[in-house]
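Chemist: Numbering (our numbering), first residue to last: 267 to 676.
Just so you know, not all the hints are guaranteed correct.
When the alpha-carbon atoms are kept at most 30 Å apart in a straight line, the in silico DSSO-like pairs for lysine-lysine are as follows [claimed, not checked]: (1) LYS489 with LYS304; (2) LYS521 with LYS274; (3) LYS561 with LYS521.
For the record, the hints were derived by calculation from the structure and aren't laboratory data. Quick caveat, the model's predicted, so the values are computed rather than measured.
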Amino acid sequence: MKVGVTVKYSKREVMQYVQEEEIKFIRLAFCDVFGRQKNISIVATELPRAFEYGIAIDASAIAGFGDVAHSDLLLRPDPETLMLLPWRPEHGRVVRMFCSIIYPDGQPFPCDCRALLKQAVARAEERGLQFLFGAEQEFYLFRRDENGEPTKIPHDRANYMDTAPEDKGENIRREICLTLEQMGIWPECAHHEEGPGQNEIDFRYSDPLTAADNAMTLQAIVKIIAERNGLCADFSPKPLEGKPGNGFHINMSVKSTDGLDHLPEMVAGVLDKVGEMTAFLNPTRESYSRLGGYKAPDYISWSKGNRSQLIRIPAAAGEYRRAELRSPDPMANPYLAFALMIYAGLYGIERHLEMPHPAEVDLYQADAETLVKFRRLPQNLQSACATAADSPFIQTYIPEAILAEYRKRA
267 MKVGVTVKYS KREVMQYVQE EEIKFIRLAF CDVFGRQKNI SIVATELPRA FEYGIAIDAS
327 AIAGFGDVAH SDLLLRPDPE TLMLLPWRPE HGRVVRMFCS IIYPDGQPFP CDCRALLKQA
387 VARAEERGLQ FLFGAEQEFY LFRRDENGEP TKIPHDRANY MDTAPEDKGE NIRREICLTL
447 EQMGIWPECA HHEEGPGQNE IDFRYSDPLT AADNAMTLQA IVKIIAERNG LCADFSPKPL
507 EGKPGNGFHI NMSVKSTDGL DHLPEMVAGV LDKVGEMTAF LNPTRESYSR LGGYKAPDYI
567 SWSKGNRSQL IRIPAAAGEY RRAELRSPDP MANPYLAFAL MIYAGLYGIE RHLEMPHPAE
627 VDLYQADAET LVKFRRLPQN LQSACATAAD SPFIQTYIPE AILAEYRKRA
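Taking the hints into account, I'd like the entire structure generated from these sequences.
Modeler: This is the structure:
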């Protein structure tokens, strides 16, 4: 069995691989309700217990997971997500698996965000629909000072798609992409972005769960490789005032067993629900400093090619036909973001919603008479959380405990 290609593994195959390849440590990965990746390492001899019963964690120390009176949760690894961590030493090799989160009695934990995405995928499949996602993440590379602490000094002063020597991030992006490929993750492209020291790495479309796992993995790999090169990677929405913010553009498409084109209805559903979802797409106060400038949308609209719009439908045909949601930023929890986008897409498809007329204007330069025709996204985190709290749509699909944690941030 070879790790490093896109294959789904069984428990037996994982156990066999760990033994044959002399794997010493297994990282059990999960995330909190905000999408911050967490992990616990176990030695290889504990793997059978992890598969059968789970490995205990203190849930009271993790945002949204419980209090000291209800603190016992278990991690049960998903064998299909096995990946070798290629930057770890050959001696004492390490693999990683994402986990399901369960109670000691085996019942699923309701705030397991990965499980929430699985539920959304299952509901779509029941209706003969398959959603696909491809993510584009932007990040800045900053220098460190003489003490190794991060600064806000960009690694370079290059611009959009510049080349070396102006683009000093070229070799780092190459190292990131090669590392991802060693892990069986296939990036589509990488390039310098518009901001100084700003970079972007894009993925081809895949199933929602794989796409969300890959989004989580990318941020971890970028930070590790940046640090290894004496730099700091910053995924925050607006690292530098007056410069482009970091986006997490989400490309979404849908296939159906009935052979019909449901993309317009899917887009109509997302447009209808995006204001209610914004607290989960832009989950920090800083997120709202990014929206409304540097190609980050502020109004609820769509277009075929205009990058000032919330949703762009790029010129493509067949399997490449998709819609790009441009408002999210990298602080979003990808499991929650993708789940809500699926449910919003289903909302539009099930009700046969029609798309509004496209907005073929530059909304950044439009006058007040034009802008008044469009709904705006929430203008701050407090407003976004209040909108979510009042939404029957959000209440249906997001547990109250998760929403409560987001409201605390506001």
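Chemist: Next step is simple, just say for each hint if it's right about the structure.
Modeler: Now the hints, each set against the structure:
no.	hint	verdict
1	LYS489 with LYS304	holds (14 Å)
2	LYS521 with LYS274	holds (22 Å)
3	LYS561 with LYS521	holds (29 Å)
In terms of the numbered hints stated before, the structure departs from none.
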